[in-house]
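Following the hints, position chain B against chain A.
Protein sequences, first through last, are from chains A and B. Counting in the numbering used here, the first sequence runs from 1 upward without gaps. Counting in the numbering used here, the second sequence runs from 1 upward without gaps.
Careful, some of the hints might be misleading.
Now the stretches of chain A that chain B is said to cover, found in silico as 3 or more residues with beta-carbon under 8 Å [to be verified]: (1) 5-11; (2) 64-76; (3) 111-119.
Straight-line distance between alpha carbons at most 25 Å, and here's what the computed PhoX-like set of lysine-lysine pairs gives [unchecked claim]: (4) A/K81 - B/K106; (5) B/K101 - A/K81; (6) B/K256 - A/K81; (7) A/K222 - B/K101; (8) B/K106 - B/K256; (9) A/K81 - A/K222.
Worth flagging that the hints you see were computed from the coordinates, not collected in a lab. Please read these numbers as outputs of a predicted model, since none were measured by experiment. Built from N, CA and C at the ideal position, the CB exists for glycine as well.
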Amino acid sequence: MSRAVAITCQGVSKSFALVDGGSAWRLALGRGGDVPHFTALDGVSFDVPKGQFLGVLGRNGAGKSTLLRVIGGVYAPDAGKVAVHGAMSGLYELGLVGNPQLTGRQYADRLLTVHGFSPAERATMISDIHDFSELGDRFEDPVLTYSAGMGARLYFSTATAGQYEVYLLDEVLAVGDQHFQSKCWRRLRERVSGGASGVLVTHDWSAIVRLCETAHVLDHGKMVFSGPAERAVRRYLYGEQAKSTYRDGIARFAGTPVYPRKIMTGTDFSLEAEVEILARAEVGVVLAVERLQPAYGWETGLMSRRTTPVGEEPGRYAFNVDIPAMPLPPGSYQISMHLVMPEPHSSAVKIVLDGFSWLDGNGLELGVEGVDGRGFSLPAEWRVTG
Amino acid sequence: MMLAGFDRRDLGMLNNLFRMTLGDRYLGSALGLIWAVLSPLMLMCIFTFVFTVVFPARLPGRTGALPYVIWLLSGYGPWLAISEGLSAATTSVVGNAGVVKNIAFKSELLPMVGALMGIVPLVVAFAIIFILQVVSGEMPGPGYLALPLIVALHILFVSGLGLFLGALNVFVRDTALALPNVLTVLLFASPIFYPLSSYPNFIRPVLQFNPFYVIAECYRMAVVDGAMPSLWMICYLAVVGAAVFWAGLWWFRRLKSFFDTRL
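Looking at chain A on its own, in the form it has when it is part of the complex:
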């Protein structure tokens, strides 16, 4: 089934002329050809399906904000095409648009006017902004008297007051107090579940994990990774080369484990793997099933804390893990499996010899299918007592 697309970017490139005093005249007179250019975006392509937030991770200067502005139509791309379907609200920076003498109310009114809302719509939206931003009486004070956090509250509230179909947000959730941040999250999730889509640009990886299913990593204007949010986060955090450090020469997995990639919840699960022990050591194996879920963050579904011994003498060993009647609710999970040996001096510390983990990009994916609401959950009993 093909899903409706909210945003399409095709081969978007954008460069900026590096203008100094001398080249300014040359540019103005149309001799801009020889002015050095800085490439901010280089052939970026992606789609954002309706009802999804796309995360874009990247370091400072990677081109994230430029990308957002190109999508929003503030910058015209040098090459490529951008198509946005539906009404759009962009918050490109937490700076002020216009006159700092404006009061919070006037600022909101102005921005909404620019977006073309009628006076009646504006009235309800402004009372919502007043409410949501929790600025209270300060709403009537000039914006220049606001603290950074108060400003952020005003800008976020204004940008998300309307029911838009597409939101473009830049670093917005990194500011504001915890209380306000959680309100922002709630509002964004509401919008997403209402069918809105958007792009969230940030270097706060936890924000991406919380809101986005898919994410891209941008580096020097190029898209260096696209995929599931958790893998993009790994790519962003650890780079391409970085892997966990393993103690070499003692033991390693001989090949990829064999297991069903998709199972029904409640059915038996079995994983087979082979281990090669190269030097004499007390080699054990640990396994964890983890789940990364938008809106909940990390959920560890199952984790075997105990190390299962595999062997001590050099040689090849096969083992398997069975999980009878897989108790996990439907969803997509990651299996991490590591070979470990105890530290000779302290048995509590384990030395990692080899492993499969999403953090290293070779995680074992597991899709659990079935009816929602089935599967393991805490046997909590709820009562309304008041």
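Coordinates of chain B only, in the frame set by chain A:
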């Protein structure tokens, strides 16, 4: 419907930006919009004082202080509108960097909004003239009906220049600093405080094509003489205005993609 690359939505945006700029200009001052009336009024008082008391100028066919004041204002009001419009247009892109960087719209609207800011002193000047005319018993003539057309051509011309200057100012910030000096020179070089007949005969045929003079003269004919402006002036302004606007727009759109680096 598209006209010169603008559609209905842009017209709405123009309206919004105009109100926004108007508000910004006078916001934060204690007297607010009163300054919009007060500052042209004061300038007009100064010039009226200078040219009626200090240097009494002679005017063919009009005697007495009040007719002279009306004549002076009918030229100075449009000039204020032009200079105010040009200054606002020149700084419009740099001054609205926040808007340009955060809202998707056609930034060529900004210099046009700047040009439209000149309407404020224009309205004030004509309101004063109207009052003076009624007081002095000169009945306003049918020439007032031509005002909308003249205003439209005036705005077209100033927008064109403003598009040119506004874009240039992004790259060469000296533009905004040099402009007031240039405007002063232009003001005294144009027959606005004195009639064209003050110039020697041989240079008049050339000077009468000065568009600043033509704009002021059109207003003057319509308001003071109560007559329709001469046809050649209207045609001349239409041609020059359209040409300047087109050239300014072309220049602005060519440079627009480089704005991002300079704002």
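Results of checking the hints against the structure:
no.	hint	in the structure
1	5-11	violated (count 0)
2	64-76	holds (count 6)
3	111-119	holds (count 3)
4	A/K81 - B/K106	18 Å, holds
5	B/K101 - A/K81	20 Å, holds
6	B/K256 - A/K81	18 Å, holds
7	A/K222 - B/K101	22 Å, holds
8	B/K106 - B/K256	10 Å, holds
9	A/K81 - A/K222	16 Å, holds
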